[in-house]
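Engineer: As a plain string of letters, each chain reads:
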Amino acid sequence: DVKVTQSSRYLVKRTGEKVFLECVQDMDHENMFWYRQDPGLGLRLIYFSYDVKMKEKGDIPEGYSVSREKKERFSLILESASTNQTSMYLCASTPQGVPYEQYFGPGTRLTVT
Amino acid sequence: AQKITQTQPGMFVQEKEAVTLDCTYDTSDQSYGLFWYKQPSSGEMIFLIYQGSYDEQNATEGRYSLNFQKARKSANLVISASQLGDSAMYFCAMRGDATSYGKLTFGQGTILTVHP
Chain A
1 DVKVTQSSRY
11 LVKRTGEKVF
21 LECVQDMDHE
31 NMFWYRQDPG
41 LGLRLIYFSY
51 DVKMKEKGDI
61 PEGYSVSREK
71 KERFSLILES
81 ASTNQTSMYL
91 CASTPQGVPY
101 EQYFGPGTRL
111 TVT
Chain B
1 AQKITQTQPG
11 MFVQEKEAVT
21 LDCTYDTSDQ
31 SYGLFWYKQP
41 SSGEMIFLIY
51 QGSYDEQNAT
61 EGRYSLNFQK
71 ARKSANLVIS
81 ASQLGDSAMY
91 FCAMRGDATS
101 YGKLTFGQGT
111 ILTVHP
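In the order they appear, the protein sequences are chains A and B. Using our numbering, you'd call the opening residue of the first sequence number 1 and step up by one each time. Using our numbering, you'd call the opening residue of the second sequence number 1 and step up by one each time.
Bound-form chain A, shown alone (with noise of 0.2 Å):
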């Protein structure tokens, strides 16, 4: 079975701290993907990486950065937590050439206060 674990559930952080959102996968996986879930949008890509130290910006990159020093973990960071950051995070992977499913985390519930 394919794991994708995120390091937490639940996450309170003041505005203007550095944060950091790990996601882990089990699978070998290529590609791993940051995704934010907001209610009426649906989930929006951030940022995705395709292979080790490999990333590219999604659809919402501002006032994100990632981190994929190796091919199972790869770490969403928000540089100066603002309000409007205040989300779900979903993280997922896939394997390269196989047109099927993403699999993903349980989600990191973050607050910025």
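Do not take every clue at face value.
Stated by the list, open to error - Where chain B lies over chain A, by a calculated footprint (3+ residues, C-beta under 8 Å):
(1) 18-24
(2) 43-53
(3) 71-85
As the list claims (entries may be wrong) - A few chain B positions that, by computed beta-carbon distances, are all more than 10 Å from chain A:
(4) 14
(5) 43
(6) 105
What the hints contain is simulated information worked out from the structure, not anything from laboratory work. No residue lacks a Cβ here, since even glycine has one placed at the ideal position from N, Cα and C.
Following the hints, position chain B against chain A.
Structural biologist: Chain B in isolation, oriented as in the chain A frame:
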């Protein structure tokens, strides 16, 4: 650019009845894939069904079927014999061609409530 539109913010259905959740899409890719995911109140994303753009038959998975109408660019999810456990948020999503690295574009979601 790809776009997914789900026009039904909320849907209600009686237990044991069938329900259709609407999804329309827009893409310039010749090859693409369409997905439906279920998200219960616990938050996890559960994959339900997949349809490839070149698949001639509509996809089915148990009580779920995908009504794929390519010319109309629609990919509606049909749930037969609804159960109380089907109450959840449902997302339609699209994957582009092989150059897209499998990234998905999601619709806004539809909240389904099943009444006893």
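Engineer: Hint by hint, which ones does this structure get wrong, listed from lowest number up?
Structural biologist: Hint check: 1, 3, 5, 6 fail, others pass.
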